[in-house]
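Asker: As they're listed, the protein sequences go chains X and P.
If you use our numbering, the first sequence corresponds to residues 579 to 850, in order.
If you use our numbering, the second sequence corresponds to residues 6 to 240, in order.
Hints were generated in silico from the structure; no laboratory data involved.
Straight-line distance between alpha carbons at most 27 Å, and here's what the computed DSSO-like set of lysine-lysine pairs gives:
| # | chain 1 | residue 1 | chain 2 | residue 2 |
| --- | --- | --- | --- | --- |
| 1 | P | Lys107 | X | Lys700 |
| 2 | X | Lys645 | P | Lys107 |
| 3 | P | Lys55 | P | Lys176 |
| 4 | P | Lys223 | X | Lys796 |
| 5 | P | Lys97 | X | Lys700 |
| 6 | X | Lys700 | P | Lys94 |
| 7 | P | Lys164 | P | Lys56 |
Using C-beta positions, here's what the derived DEER-type ranges look like:
| # | chain 1 | residue 1 | chain 2 | residue 2 | range |
| --- | --- | --- | --- | --- | --- |
| 8 | X | Lys796 | P | Lys223 | 18 to 26 Å |
| 9 | P | Gln128 | X | Arg764 | 52 to 60 Å |
| 10 | P | Thr113 | X | Ser820 | 47 to 55 Å |
| 11 | P | Lys176 | X | Arg688 | 36 to 44 Å |
| 12 | P | Lys164 | X | Ala666 | 44 to 52 Å |
| 13 | P | Ser21 | X | Cys596 | 51 to 59 Å |
| 14 | X | Gly723 | P | Gly148 | 37 to 45 Å |
| 15 | X | Arg688 | P | Val239 | 30 to 38 Å |
| 16 | X | Ala666 | P | Lys181 | 54 to 62 Å |
Don't be surprised by glycine CBs; every beta carbon is placed ideally from N, CA and C.
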Amino acid sequence: MVKMTDLPIKGGFSFDLCTRNQMLLEKGLQMPPFRKTGTTIVGLVFQDGVVLGADTRATEGPIVADKNCEKIHFMASNIYCCGAGTAADTEAVTDMVSSQLQLHRYATGRESRVVTALTLLKSHLFSYQGHVSAALILGGVDVTGPHLHTVYPHGSTDTLPFATMGSGSLAAMSVFESKYREGLTREEGIELVAEAICAGIFNDLGSGSNVDVCVITKGQTEYLRNYQLPNPRTYISSKGYSFVKGQTEVLSTKITPIQPKVETVGGDAMEE
Amino acid sequence: MGDSQYSFSLTTFSPSGKLVQIEHALQAVGSGQTSLGIKAANGVVVATEKKLPSILVDETSVQKIQLMTPNIGVVYSGMGPDSRVLVRKSRKQAQQYFRLYKEAIPVTQLVRETAAVMQEFTQSGGVRPFGVSLLIAGYDDNGPQLYQVDPSGSYFSWKASAMGKNVSNAKTFLEKRYTEDMELEDAIHTAILTLKEGFEGQISGKNIEIGIISADRKFRVLSSSEIDDYLAEVE
Chain X
579 MVKMTDLPIK
589 GGFSFDLCTR
599 NQMLLEKGLQ
609 MPPFRKTGTT
619 IVGLVFQDGV
629 VLGADTRATE
639 GPIVADKNCE
649 KIHFMASNIY
659 CCGAGTAADT
669 EAVTDMVSSQ
679 LQLHRYATGR
689 ESRVVTALTL
699 LKSHLFSYQG
709 HVSAALILGG
719 VDVTGPHLHT
729 VYPHGSTDTL
739 PFATMGSGSL
749 AAMSVFESKY
759 REGLTREEGI
769 ELVAEAICAG
779 IFNDLGSGSN
789 VDVCVITKGQ
799 TEYLRNYQLP
809 NPRTYISSKG
819 YSFVKGQTEV
829 LSTKITPIQP
839 KVETVGGDAM
849 EE
Chain P
6 MGDSQYSFSL
16 TTFSPSGKLV
26 QIEHALQAVG
36 SGQTSLGIKA
46 ANGVVVATEK
56 KLPSILVDET
66 SVQKIQLMTP
76 NIGVVYSGMG
86 PDSRVLVRKS
96 RKQAQQYFRL
106 YKEAIPVTQL
116 VRETAAVMQE
126 FTQSGGVRPF
136 GVSLLIAGYD
146 DNGPQLYQVD
156 PSGSYFSWKA
166 SAMGKNVSNA
176 KTFLEKRYTE
186 DMELEDAIHT
196 AILTLKEGFE
206 GQISGKNIEI
216 GIISADRKFR
226 VLSSSEIDDY
236 LAEVE
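Please model the complete structure; the sequences and the hints are all you need to start from.
Answerer: See the structure below:
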């Protein structure tokens, strides 16, 4: 029988396995923890564009899973997105929308607009009813000017001149609320963003390590990876560490000689 | 896709073992506007006639040569709308490859996937084969490459190839002019001369289209003023 060319797959969450999951939980199954990015992410609009900032710590409960992860994701050459929440969700959703934006650029022949990315993200997140745990700060500059938005896991969005998200958002917002003003210069914008991220790094356990900054202006984007490293390893011995014989107490010694390798030389090839 | 009454393939074998629909598709290609491609030592050039049905058509709105990825471009001969569908599908496949492997799709892989789509439409229910042949030009880690894909889904790598109305004259011309160590600039000149051979009327930057890719791996379509410059050099 010939096969029919495929129908388009309908979207949305498939609830098929929910009864099974419920049954397993009742039986006492421990769900494995997912890697959350207890995070500080920020963004602000300055006179020529937007500045995005993020810390670089990824946590798995109380453990630091990645000391220097990248939370500022590429969407388009003029649009970047900071992600807080479940690391896998933020990665997957930003990659997917970045791909869709590329296809859209081919179809339209134009540079992508921030609102396009915003709409693609929010409609995807809404259709998954908050199960995709991605809280994003989306910023970019397009033909209509600089834009900064926040996107929440359930699909709601805000348009703001400055924004913070993640577990360190309160610490970072305190810096923004006291020091932000309209018409900041590029240097002032970067300084303020770095200060806000540092507030998150030092005052929130879920955030830490280094500061990543991304500056987007009309026609140019600068991704300043590890712009600040306020948490270096304090002491590393330059001589290295040596362990002299006799420092560790030897309890017993057993020596097993290595078996010599048996090699057959010559002999005839097998018949057949 | 299609009614269940038509869930059988419309492309069926003839007693002599030919697929007549594919033969007819090749006819459609053969009566389309001439297009050609040349692989140089340091790049690839593709070119096509852009004869518009009337002087009233706004030629700036028509673009026959299109990008599939930043380093792979395509030109067609045959039915324009069919090529648009293929380009759309191929662009999506290139994106899916990137999302899976986090690496730009190699030219051969994209050609293979495009060819697979074209073959699918010769063996599915309720659909007809595509009425286009594509010339896919790209530059990746394996250097410059040029592939031709036919309505049947078969593809070949070419050093230089032509398709469409003037195919036999164009191929003869290319066979004479082609050299292995051609530079991209020479290839562009040769492409223009080949198009000129069978061109009816006055050739200009407005009625031909040229796309090039060099070692910078960025496929781009030349503007009509750039084409006019090359035409002046060729005169």
